[in-house]
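A.B. asks: Sequence lines, in order, name chains X and G.
For what it's worth, our numbering labels the leading residue of the first sequence as 1, then goes sequentially.
For what it's worth, our numbering labels the leading residue of the second sequence as 1, then goes sequentially.
If you are wondering where the hints come from, they were derived from the structure by calculation, not from laboratory data.
As the structure is a prediction and not an experimental result, all values here were calculated from the model.
Careful, some of the hints might be misleading.
Computed cross-link-like contacts, DMTMM-like style, restricted to lysine to aspartate or glutamate with a CA-CA straight-line distance of at most 20 Å [stated by the list, open to error]: (1) X/Lys75 x X/Glu8; (2) X/Lys23 x G/Asp115; (3) G/Lys94 x G/Glu62; (4) X/Lys23 x G/Glu62; (5) X/Lys75 x X/Glu98; (6) X/Lys23 x X/Asp73; (7) X/Lys23 x G/Glu108; (8) G/Lys94 x G/Glu54; (9) G/Lys55 x G/Asp72.
Far from chain X, by Cβ distances over 10 Å, these chain G residues were calculated [said to hold, decoys possible]: (10) Thr49; (11) Glu162; (12) Ser239; (13) Pro241; (14) Leu252; (15) Tyr261; (16) Arg277.
Glycine residues also receive a C-beta, built at the ideal position from the N, C-alpha and C atoms.
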Amino acid sequence: MTAETSIEIRPVVNGMSHTSIVKPRVTVAEYLRDYLGLTGTKTSCEVEVCGVCSVIVDGLPVSGCAALAADLDGKTVTTVEGLATGDTLSHLQQAFIETFATQCGFCTPGFLVMGTALLAANPQPSRDDVMEYLEGNICRCTGYRPIIEAVLLAAERMAAPQ
Amino acid sequence: MTDAPAVGQSTARSDARSKVTGEARYAFDHAVPDMLFGAVVRSTRPHATIEEIEKDQALAIEGVAGVVTAQDLGDLFPRFGHLIADHPILAIDKVNYMGEPVALVLGETIHAASDGADAVVVRYSDLPVMADMETALAEGATLIHPATYPKGDSAFEEAITEPRDDNVAHEASLEWGDVDAALADAAVVVETTVKYPKLYAYAMEPYNALSTVNEEGLEVITTAQHPFMVRDDLARIFSIPLSKVRVRSPLLGGGYGSKSYTKVEPLASVGSWYSGRPVKVALSAE
Numbered sequence: 001m002t003a004e005t006s007i008e009i010r011p012v013v014n015g016m017s018h019t020s021i022v023k024p025r026v027t028v029a030e031y032l033r034d035y036l037g038l039t040g041t042k043t044s045c046e047v048e049v050c051g052v053c054s055v056i057v058d059g060l061p062v063s064g065c066a067a068l069a070a071d072l073d074g075k076t077v078t079t080v081e082g083l084a085t086g087d088t089l090s091h092l093q094q095a096f097i098e099t100f101a102t103q104c105g106f107c108t109p110g111f112l113v114m115g116t117a118l119l120a121a122n123p124q125p126s127r128d129d130v131m132e133y134l135e136g137n138i139c140r141c142t143g144y145r146p147i148i149e150a151v152l153l154a155a156e157r158m159a160a161p162q
Numbered sequence: 001m002t003d004a005p006a007v008g009q010s011t012a013r014s015d016a017r018s019k020v021t022g023e024a025r026y027a028f029d030h031a032v033p034d035m036l037f038g039a040v041v042r043s044t045r046p047h048a049t050i051e052e053i054e055k056d057q058a059l060a061i062e063g064v065a066g067v068v069t070a071q072d073l074g075d076l077f078p079r080f081g082h083l084i085a086d087h088p089i090l091a092i093d094k095v096n097y098m099g100e101p102v103a104l105v106l107g108e109t110i111h112a113a114s115d116g117a118d119a120v121v122v123r124y125s126d127l128p129v130m131a132d133m134e135t136a137l138a139e140g141a142t143l144i145h146p147a148t149y150p151k152g153d154s155a156f157e158e159a160i161t162e163p164r165d166d167n168v169a170h171e172a173s174l175e176w177g178d179v180d181a182a183l184a185d186a187a188v189v190v191e192t193t194v195k196y197p198k199l200y201a202y203a204m205e206p207y208n209a210l211s212t213v214n215e216e217g218l219e220v221i222t223t224a225q226h227p228f229m230v231r232d233d234l235a236r237i238f239s240i241p242l243s244k245v246r247v248r249s250p251l252l253g254g255g256y257g258s259k260s261y262t263k264v265e266p267l268a269s270v271g272s273w274y275s276g277r278p279v280k281v282a283l284s285a286e
């Protein structure tokens, strides 16, 4: 049995540059959680169905369980830990608190990441837009309604004159 | 503190901020130095005796630190269960269902452990399958549980102390008052048979436990809804007092009852007992 190759990657994660040596089979979610200690990103189904592992790579949402860390070289990654600015929560994070969009909270990072990606691509989504964009994320507690309300509330606040 | 009444106004969840920033830590997020990962070899047969478990190919894989089977548990009490302690930590001589844990492979990484689990060879000899109630209750049906079992948690009175000659696990009858008279007088009598489908309440946080067993006792971080029941089972397995067992249940990533009672805590704990290192077992959705 030959030793697995190791690969050097230099991603920027939540604004911080990293240089890491990873095995080819290490997933993005494993890299974030086990190498960088960013355990806000979760895994559950591990077959790209449930959405809890969602992160943003170069502006687009990606399932961290089904993407390889080796592909992160030179990429910019945003996780749930990177959504706030210092102690100031993003509009979407604040809206999640106010609409009670979290219960157990295990799916919350994935929903926040997907909601953030949606609002970046479509700042004024309709309710249907939100439902369609979030259909790849599973929540077993809330029944989804407060999560949709949170995205719409954040969109409303982001559009309001500062 | 505010003087405003709590009733009639919305109050923010105390855990909401940590849950939207990713700071919230679940059992799943815990790791400790020197930790091994456990991967479970599961039965591919619904009902079979175990003829042989070959560990060698698994142990030859780089990063595999050990393979634990029921044969390796020495003097430990090898089962758990709150009503009846009939659930083997690792299958003892026979498997009773598809997916029953047969061996636990310990690895330096989850990849090494899962490679090792794939490499363990288990040879079975199939037994008649009792896949539905009619077959299991038929005259002469093969016994699924031929053994006797002590009772589980002391809060319950169940026990199977005499060998049974059928596959009935439990019978219950609920009645009060003069049932026969009430039935005779009733304008309408409704009789029904209720069958429950196979159901599973999927919680987003997978079953997982991180256990450390040493001379001071046992500490397990687990996604458990009933930590005190888990503690009872672990104390019995290792024959140690309850005061030596610490069960930590941090934020629970969903449960819906599916995380009631003991699940993977015994596996992680025997893995740690066997290897002398902390062991984390996190199940996948497979």
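A.B. asks: Each of the hints needs a verdict: does it hold here or not?
C.D. replies: These are the hints, each one checked on the structure:
{"no.": "1", "hint": "X/Lys75 x X/Glu8", "result": "13 Å, holds"}
{"no.": "2", "hint": "X/Lys23 x G/Asp115", "result": "14 Å, holds"}
{"no.": "3", "hint": "G/Lys94 x G/Glu62", "result": "30 Å, violated"}
{"no.": "4", "hint": "X/Lys23 x G/Glu62", "result": "14 Å, holds"}
{"no.": "5", "hint": "X/Lys75 x X/Glu98", "result": "33 Å, violated"}
{"no.": "6", "hint": "X/Lys23 x X/Asp73", "result": "13 Å, holds"}
{"no.": "7", "hint": "X/Lys23 x G/Glu108", "result": "14 Å, holds"}
{"no.": "8", "hint": "G/Lys94 x G/Glu54", "result": "15 Å, holds"}
{"no.": "9", "hint": "G/Lys55 x G/Asp72", "result": "12 Å, holds"}
{"no.": "10", "hint": "Thr49", "result": "32 Å, holds"}
{"no.": "11", "hint": "Glu162", "result": "42 Å, holds"}
{"no.": "12", "hint": "Ser239", "result": "35 Å, holds"}
{"no.": "13", "hint": "Pro241", "result": "33 Å, holds"}
{"no.": "14", "hint": "Leu252", "result": "6 Å, violated"}
{"no.": "15", "hint": "Tyr261", "result": "19 Å, holds"}
{"no.": "16", "hint": "Arg277", "result": "17 Å, holds"}
Checked against the numbered hints listed earlier, the structure breaks hints 3, 5 and 14; every other hint is satisfied.
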